[in-house]
Amino acid sequence: MAEIKRHDNRLGVWGWLGGGRWGVERYAYILHRLTGLGILLYLLMHTFVTSLRVTGTYMWVGNGFFHQPIFKLGEFCVVAAFAFHAFNGLRLVLVELGFAVGKPIEPIYPYKTSVGVQRPLLIVAMLLALVFLLVGGYNFLGMAK
Amino acid sequence: MSNGTKYWTWHMAAGVVLLILLGLHMVIMHMGGTVHLFSPHGTESVSIENSQWRDSKICFAISNILLLGVGLYHGLYGLRTILLELSLKPALAKAVTVVLVLVGLGLFGLGSWAAWAAHTVALAGGNS
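For the record, the sequence lines run as chains A and B.
What the first sequence shows, in this note's numbering, is residues 1 to 145, in sequence order.
What the second sequence shows, in this note's numbering, is residues 1001 to 1128, in sequence order.
For the record, the hints were derived by calculation from the structure and aren't laboratory data.
Even for Gly, the Cβ is constructed at its ideal location relative to N, Cα and C.
There may be inaccurate statements among the hints.
Claimed, not checked - Below 25 Å or equal to it, Euclidean Cα-Cα: the simulated DMTMM-like pairs (lysine to aspartate or glutamate) are:
hint	chain 1	residue 1	chain 2	residue 2
1	A	K72	B	E1049
2	A	K112	A	E96
3	A	K103	A	E25
4	B	K1057	B	E1044
5	B	K1006	A	E96
6	B	K1006	B	E1085
7	A	K72	B	E1085
8	A	K112	A	E25
Said to hold, decoys possible - Sample of chain B residues at the chain A side, in silico, Cβ under 8 Å:
hint	residue
9	M1012
10	V1016
11	L1022
12	H1030
13	S1047
14	I1048
15	L1068
16	G1071
17	G1075
18	G1078
19	E1085
20	G1111
21	V1121
So that you can see chain A by itself, here it is in the shape it has in the complex (with noise of 0.2 Å):
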């Protein structure tokens, strides 16, 4: 069995946040990460609090503990963070397969980077997401009945 030869990584949690001058790609990398744990620590509340309903207690109705403002502001932000992972990781797992990233070239002066093939997809992914967080956001706000 192949072992994965692992680098240290000797700047730490820092090595998450921090690394040079970065393009928005590395930025997303950031929020990626960020709103995958964020969406994690709610999935292990949200498994907890919907299994009550079995003893019928419903937490998030009437006077429940979660029918507060504060939470449906909470739970905006839960939808937001989906939107932006979700379709962030589509476009990781189309260039993770190979797609997006250009064909191999080359390296002839001046140099070409895949930057130019991958950033349409960002925004492509990005835009999505807004379309999502917009009818999420309009739902929450209560405009829609």
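Chain B: place on chain A using the hints.
Frame of chain A; chain B shown alone:
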């Protein structure tokens, strides 16, 4: 294919499945006022009546269990990837893996039991 590559491939596949399942979950549960899907009792999609109506449908019980399993795998494997990037010592890395597997299995057990029990309760007429 090494185990690392295999699990990473599963992680990506789980992400694509989540995009569909969690996307539908978000649309049905959290955008109910806009789309009115699978909520026959008024506009509040997360009301007790609508929750119990969905719980009574076996397709919702099964898809909730599937969503939970795929979500836990994707989320906890992602967390493990982030933690292991900190160049942990092998013993600590193994402990992280064991803890995350146990947490995942525990929550999957709890959530699956709850989804099935809620289905049974809803079929019997509800508990409120």
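Which hint numbers doesn't this structure obey? 7
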